[in-house]
Each structure stands twice: as C-alpha cells, then as structure tokens.
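Heads up: the protein sequence lines correspond to chains A and B, in order.
Note that numbering that gives the first Met the number 0 has the first sequence beginning at 0, numbered continuously upward.
Note that numbering that gives the first Met the number 0 has the second sequence beginning at 0, numbered continuously upward.
These are calculated hints, taken from the structure and not from any lab test.
Glycine is no exception: its CB is placed at the ideal position from the N, C-alpha and C atoms.
Among the clues, some could well be false.
As the list claims (entries may be wrong) - Here are the simulated distance ranges between beta carbons:
1) A:P163 to B:F178: 45 to 51 Å
2) B:Q187 to A:A33: 25 to 31 Å
3) B:I24 to A:V16: 36 to 42 Å
4) B:K12 to A:P163: 19 to 25 Å
5) A:W248 to B:I24: 18 to 24 Å
Said to hold, decoys possible - A partial selection of chain A residues facing chain B, derived with a Cβ cut-off under 8 Å:
6) P58
7) I69
8) D78
9) P163
10) R166
11) F170
12) G173
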Amino acid sequence: MRVRLSQLAAVASYEFVIHWRRRGLSLVIVFFAAISLMNGLAFWVLKRDLFVGFLTTDPPLILLILTMPIIVADTIPKDRQFVVRELLHSLPMSSGVYLIGKLLGVWILVFWGLSGLAWLFELIGWLLHGSYNLSITMVPWILGVVPLALFISGMSVLLSSGQPTRRRATFVGGVFALFSLFIFLTASGSLWQAKSVAHAGISLYLQRIYLGRTMIDYGFSLYSLEHLPRVIGIGIVLGFLVWLITWSWMQWKERQ
Amino acid sequence: MARLKRFDQTAWKINVRLVGWIPAIGSAVTVAFGLVMANFVMQGTSSQSLTTRVIETVVPLVAGLQSAFLLSPDDEVPLELLLSCPRSLGWTLLERLVIMMILLGSVALVGNLVILILLDYEGVLTVILRWLAPCICLSGTTLFTTQLTRQGSFGALLGTLMWGGMLFGGDALLTRWEFLWPLHVYLQPNHGDSTRYLLNRGTLTLIGVILVALAIYLSKDEERMLIGGSQARKVMG
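Take the sequences, apply the hints, and build the full model.
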C-alpha cells in the first residue's frame, strides 16, 4: 500500500510539473480570471453586484468549458506517442495507479489555480465592498466552478486516454467540449425533468442551478439544494463508470 | 526551373492518410444532425435562421482544430527526416492544408446543396461565403499559432477561443464597437448592406491567407522547427 501511494504521488507530482511547464492549463485559468475580472469590474462600474459579475455570467464559464477539455486531453496519449508507456510497462506499477496519478496531477493544478483565483476575487471584493458574508460568495466556487472544472478536465482525460496520438486526443477533447457546451447552453429545467442521459454531468447541472440565471433571479438563495444529492450521486457514478471503462480497456490492451 | 521541379515533388497519398478522413466524416455527421434538428425538430421563425447557420458553425471549427495539428512541430515524430528532404516543409504544410480544405469543403458544399433545396432562402454565393471565409480565417489563425508556439494544442486553444468568442460574443462586440465589423467572423448577411458583408468576408479571407503565408514562412526556419525559436537563438549564439 505504501509503495502504491508513493507511486501515485510520483505520477501525480510529475504530471503537475509537466502541465505547469507546458503552460496550456495555466493559460486557460489566466483567461478565465481575466474575463471574470473584466465582467466583475464592469458590473461594479454599473453599480451592480460585483460578485454577480465575477461568476454568474456565461462568458468565463463558456471559456472554461470550451478550452479546458482540449488542453488536458493529451495527458495520457502523449506518453503513448513519445513511447514512454513501454518504459512504464516495464515498471512494477499498475494501470490503476497510473490512471489515478495522471488524473490527480491535472486536478491538483486545476484546484490550485482556481483556489488562488477564489482567494484573489474575495480579496478584491473585500477591498471594494468592505465586510461581507463569505459563506454566500464562496458557494459559486465550492458548488460551481471548482466541481465543473474538475469534472470536465477529468472526463476529458479519461475519454481521450485510448487515443494513440495527441492530435486524435485533442479531437476527442474538442468533441467533449462541444458536447459540454451544448449541455451547458440547453440545461434548462424541462430537459432535466425529461431525465435526459445528457444531464448526468454533476457540475454542468450545478453550474446552471447555482451560477446561472437562477442565482441572479433568486438573489443568491440556495433555492435548488434539494437537487444536490441526486446531482452529486449521478456525477460520482458517471465519473466512476468512465474511470472503470478506461481502466478495463487499458488492462485489456496490456494483456494483448 | 528548380521551382517548377517542386511541383513534381508532391506526396498526396501519404498526406491524405496523415490528414485523415475522420474529422470530415465527423463534421458531416454533425452537420446532418444539426440540419435535421434545426429544420425538422425546431419550430417557428428561428428554424430557418438556424438551418442556414449550421454549416458555418460546425465546419470552420473542425477546420481550425484540424489545421492546428496539420504540421505541429512538437508532435511530428519524423520531423528531422522531413527536414532532411530536398522538399521544403512549407510544401508539406500547404499540401495538407489543401487536402483538408477539399475534404471539409466537400462536406460543406453538400450541406449547402441541402440548404438550397430545403429553404430557397439565400443565394448560392452567400451560403458558400458564410462558411468559406471563417474557415480560411480560423485555419490561418490556428496554423500560425501552432508554428509560432510549436505546439498544436495552443493552436487548437486559440482557434476554439476565437470560434466561441465570435459565435457567442461577436454581435455584442459590434454593439459596443461598431467599427470592428470587418473582423466579425460570424457577421450575418442581414446585418448591413451586401457590400459590407462582402468586405467582411474579403477581410477575413485576406487575414487567413496572410496567416497561412506567415506559417509557411516560419516553417522554413529549420532550427526553429526543431528546437524552438529561443533555443535556436541560444545555440546560434
């Protein structure tokens, strides 16, 4: 167990360093921050709520949904393209550890970047507004942006993991990004009530409920908390299923 | 004579294989799905305008994403081999671009034919210009970005950003800064008079062609292609 944990930590930390050096993921977070800041400041200038401007408008979220899956899609295929997988196969490391390590590496950077941004935005809010209730303004981050980013980046890594080249992986990431955007733009109550399979995305739904129009219409109320268990449950089951399918596929390929 | 000789040095077959037909098939399926959804499922006045916008939404994005990886120095495993050949890398890039445009253009033209039969709403030139100019502009942008950064994913990132930004925020951009109409990738023919629309399409095409030419120019620098601009400068002292 200890060996596995140390392997996991090594894969995750190395993946984190690779993504940090490649700058792509950091660039996405910087773009997200820039658009959110511009929105927030525009709202503030227009004498509207600064925090609504920071996070409840669509442009920064659309940017996140469109770009993040594309950037992280080649996380696993690049090892195959540069023939690193063959080397990894010769080591006593299981596919499960490798897969979880890769996912964690991406998630640490995403989480780290977005947490930094949340802190920065709260600081700006404090400087411009003075004292305010932190528990309300943190809701969009904790239940919205961070789960959304973790969900779309994780799904993109897993869905594109079977591709032989980075080019094909990026295409898979692109298709997933478009699919996510479609869900995001059409995630209204009627479609959800129809129990569409497409609505299984935990964060995409959370995003719509907490940060979308509902949030503005109901003045930051936790109006839709009743949906939370169902959404989280479906999201976790979906994520686990995709992970399981990817892991099984890798096991099967290794045996071949 | 030496320049003419280059025309013999084509490698269409292998480049067709490398460009791949999957994106073209994927865009054909998406266009067909979009046309069915817009024309038969959706009702009311928005149906007609959505039908006409399906091709211009799908095809340029696929072209942009594919262009980003047409010749990505970081991903091209036999790059050193390609550079050692007498044929310039620019030719390879151009060949792949032409092949991609033919494949995606065919998909778009078939879609145009369907739209013309279904709607009889716009002229032939308009329905073609709707997707052709964004295609060239987005392809040029992603191709140039990839050559500049040596990473296909950066090209794809910028292409997707530009596509998303213009599709969802282009009209809002014009509301604030009207003078930017020549750069709006998804300007609609009914936004102004026909001259304005033609000028917009012409500008986008010109930008795309210039960026493609710049990308080809960048690909001529062999050291840069192999180890990157800053590294090459360091090595060269």
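Tested hints:
Checked against the given bound of 45 to 51 Å, the beta carbons of P163 (chain A) and F178 (chain B), roughly 47 Å apart, stay inside it. For the pair Q187 (chain B) and A33 (chain A), the supplied restraint of 25 to 31 Å holds, since their beta-carbon distance comes to about 28 Å. Look at I24 (chain B) against V16 (chain A): about 37 Å separates their beta carbons, and that is inside 36 to 42 Å. One distance hint, 19 to 25 Å for the beta-carbon pair K12 (chain B) and P163 (chain A), holds here, with the actual separation near 21 Å.
The hint said 18 to 24 Å for the Cβ distance between W248 (chain A) and I24 (chain B), and at roughly 23 Å that hint holds. Evaluation of the P58 (chain A) hint against chain B yields a held restraint, the C-beta minimum of about 7 Å falling below 8 Å. Of the supplied interface hints, the one on I69 (chain A) holds, with its beta-carbon coming within about 5 Å of a beta-carbon of chain B, less than 8 Å. About 13 Å separates the beta-carbon of D78 (chain A) from the nearest beta-carbon of chain B, more than 8 Å, and the hint is not met.
For P163 (chain A), the suggested interface contact is broken, since its CB lies about 12 Å from the closest CB of chain B, more than 8 Å. Annotation: interface hint on R166 (chain A) holds; nearest CB of chain B at approximately 4 Å, less than 8 Å. Look at F170 (chain A): its Cβ gets to within about 7 Å of chain B, closer than 8 Å, so that hint holds up. For the restraint placing G173 (chain A) at the interface with chain B, the shortest Cβ-Cβ distance is roughly 5 Å, inside the 8 Å limit, so the hint holds.
When held up to the earlier numbered hints, the structure conflicts with 8, 9 and fits the remainder.
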